[in-house]
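Visitor: Each chain, letter by letter, is given below.
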Amino acid sequence: MKLILDLDTHRCSACGACAIACMDQNDIDPRETAPFRSAFCVETCTGEGDKRTYLSMACMHCADAPCVLACPSGCITKDPETGFTLCDNTNCIGCHSCAMACPFGAPSFNREGKMVKCGGCAVRVENGLEPACVRVCGQHALTLVTEEEYKKKHLETSLKKITDLIG
Amino acid sequence: MNKIAVIGFGCAAVHGIQGMREGGYTGEIHVFAPVDTPPENPMLTTYYASGRISPEGRYPFGTVAELQEKYGLTLHLNDPVTRFDAEAKTLTTRSGGVFAWDGALIASGANPWAPPMEGDGGDECFPMRTMADAQRLKDRLAQGGVKTALVVGASMIGIKAVELFVNAGISCTLADIAPHIFPLAALDGTAARVETYLREKGVELRFNAGAAAIGKRPDGGYTAAFTDGSAMDADLIVLCVGTRTNLPFLIPGQINVNRGIVVDDHMRASVPGVYAAGDCCEGNNLQSGQTQVIGLWERAGTQGRTAGANLAGENAVCDGGMVQNITHFFDMDFISVGDKRLSGESVSFTGQGGRLYIEAVVEAGQIRCVNLLGGHRISGVIRSRLWKTARGGARGLSPEEIGLLRREDVPEGFITLLGGSGL
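Taken in sequence, the protein lines are chains U and H.
Quick note, the first sequence lines up with residues 2 to 168 if you use our numbering.
Quick note, the second sequence lines up with residues 76 to 498 if you use our numbering.
Errors might be hidden in some of the hints.
[What the hints assert, rightly or not] Distance ranges between label pairs, derived from CB positions: (1) Glu131/U <-> Asp394/H: 53 to 61 Å; (2) Lys222/H <-> Glu131/U: 56 to 64 Å; (3) Ala64/U <-> Ser246/H: 45 to 53 Å; (4) Gly364/H <-> Thr78/U: 30 to 38 Å; (5) Arg12/U <-> Asp111/H: 31 to 39 Å.
[To be verified] Derived PhoX-like pairs: lysine-lysine, alpha-carbon spacing no greater than 25 Å straight-line: (6) Lys79/U <-> Lys78/H; (7) Lys152/U <-> Lys3/U; (8) Lys145/H <-> Lys3/U; (9) Lys276/H <-> Lys115/U; (10) Lys145/H <-> Lys78/H; (11) Lys79/U <-> Lys115/U; (12) Lys115/U <-> Lys145/H.
Simulated from the structure, these hints should not be mistaken for lab results.
Ideal Cβ positions, reconstructed from N, Cα and C, are used throughout, including at glycine.
From just these sequences and the hints, can you work out the full model?
Guide: Below, the structure written as structure tokens:
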């Protein structure tokens, strides 16, 4: 059952609770490791006036994730059950090739220089829990849905569509 | 199709095999390789020699037995192909065996290359391409007594060899016949910064100085003479000058070969039934529209997978690639995307309080080539953007892309240049 971590950008206020929950869940000290998830507001000027977009971004768990092929050490794999993009950094050499492959700036690197990133809170999910970021989202902007559920949702408001960015 | 020959057992070969099986091909797959070791990644050699990865970490695809079982392979290891007849659809191996095939994937990679050099020490230099090379260097360092090292070739592998020696307390010199470091990738301003940084790390740099001769000294060391007339002694010399495609088995005139086997966007060679992928082939350069050997791990995988799928009867396309590099050394990232030979105006930016340096070549408002020092977290956004531009599908940056760039304190001027209109 493929899972998708989805974001409804109309509900998101970029409050950052998801990013804090993620750091707590994954024991990230932001002074030495960039957080896996970040929330921000982007102001752009369109022909119809200023526009604010509120976002919460982490690994998009792309179906055909470019980081998988890019990793020279074979550290990154797709979980056949959930579709999450997972990393076993035992053999990570810290070359940053995965970062260069990722259009979403998702890979982070720990104190040892090894890649770490959002793993979809796979252990929580296996045990019937929501990912930490989803659980804490007061606006219910972040959701974990099955592929079938996702297809039923209105794609216009979904951050998932930006996976089309992958060249 | 019931018998496919795969020549080579590296990244492109493994992904090709995977593409065949995932594409539904159930026939025989015969793999021919000159060694009996698992598929390797040349990029990992210096990491293994330095101890950064364990022996188990040398082989990113696992063991030979695992691959054989996973994909149902018939292996012809330690038995390289010596003659490949594309018209008769046969190949001959070193042991004298003749094998008839229905389809073939040539993924024989590239070998290290060095210019002709005088002297009796050249054969004892260390190339850095295979795990056997890495093991040899590792063993030599373990013997001790290496106080000085010379690395010839200011390449991505060369810089990692330099880092290895400096971290081991070995006095290191880096030499190249080019005038600057990373001659195929670094723009002038970026190269100057990298060179300053390396000198601060204690690395001696010799540019415009190719190796002309390497002679043995009575004490077991070597003397290298350079093309600029200078010379130096070193206890150990590593050659990272470059590579050449490994295609000695082709019959001249049968398959269209330039520097590598010329392939189309389906990874087809000029003879039906023959595909090529990886470092031995020339695929499309999206920027120039010309075919070119682009020796990148990710490209080899994509090309291999495409070739394999098509050998299985699918209609997969690999429209090409771009020249790109990333290397991380002494806590510095050097990142390059795009062909530095393309002309244009040079612009530069700094961000993150000076920790990020961006240099770009711009033509008609489009970035043709960009270098980054630092900034690996934005490199993917930039790479994706340049690939889209090269494919003709570029539009303004999305809010997500703009947000990611701002998150990393990228100068607004560069974001605008990259396509962030309407900021």
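Visitor: Run the distance test for Lys152/U versus Lys3/U: straight-line Cα separation, threshold 25 Å.
Guide: holds (12 Å)
Visitor: Would the pair Lys79/U and Lys78/H pass a check requiring their Cα atoms to be no farther apart than 25 Å?
Guide: violated (30 Å)
Visitor: Compare the distance between the alpha carbons of Lys115/U and Lys145/H with 25 Å, and conclude whether the hinted pair is satisfied.
Guide: violated (28 Å)
Visitor: Assuming the hint says 53 to 61 Å, is it satisfied by the Cβ distance from Glu131/U to Asp394/H or not?
Guide: Given about 40 Å between the Cβ atoms, the range is violated.
Visitor: Just to be careful, I want the Cα atoms of Lys145/H and Lys78/H compared with a cutoff of 25 Å; is the pair within it?
Guide: holds (18 Å)
Visitor: With respect to the beta-carbon atoms only, verify the hint that Ala64/U and Ser246/H lie 45 to 53 Å apart.
Guide: Since Ala64/U and Ser246/H have Cβ atoms about 50 Å apart, the given range 45 to 53 Å holds.
Visitor: Compare the distance between the alpha carbons of Lys79/U and Lys115/U with 25 Å, and conclude whether the hinted pair is satisfied.
Guide: OK: Lys79/U and Lys115/U at ~19 Å, within 25 Å.
Visitor: Please work out if Lys276/H and Lys115/U have their alpha carbons no farther apart than 25 Å.
Guide: holds (23 Å)
Visitor: Lys145/H and Lys3/U were given as a pair; does the straight-line alpha-carbon distance stay at or below 25 Å?
Guide: At roughly 23 Å apart (the allowed maximum being 25 Å), Lys3/U and Lys145/H satisfy the hint.
Visitor: Determine whether the Cβ-Cβ distance between Arg12/U and Asp111/H falls within the hinted range of 31 to 39 Å.
Guide: violated (57 Å)
Visitor: Could you tell me whether the CB distance from Lys222/H to Glu131/U stays inside 56 to 64 Å?
Guide: Distance hint for Lys222/H, Glu131/U holds at roughly 58 Å.
Visitor: Tell me if the beta carbons of Gly364/H and Thr78/U are separated by a distance inside 30 to 38 Å.
Guide: Given a distance of about 35 Å, which is inside 30 to 38 Å, the answer is holds.
Of the hints listed earlier, those the structure fails to meet are numbers 1, 5, 6 and 12, in rising order.
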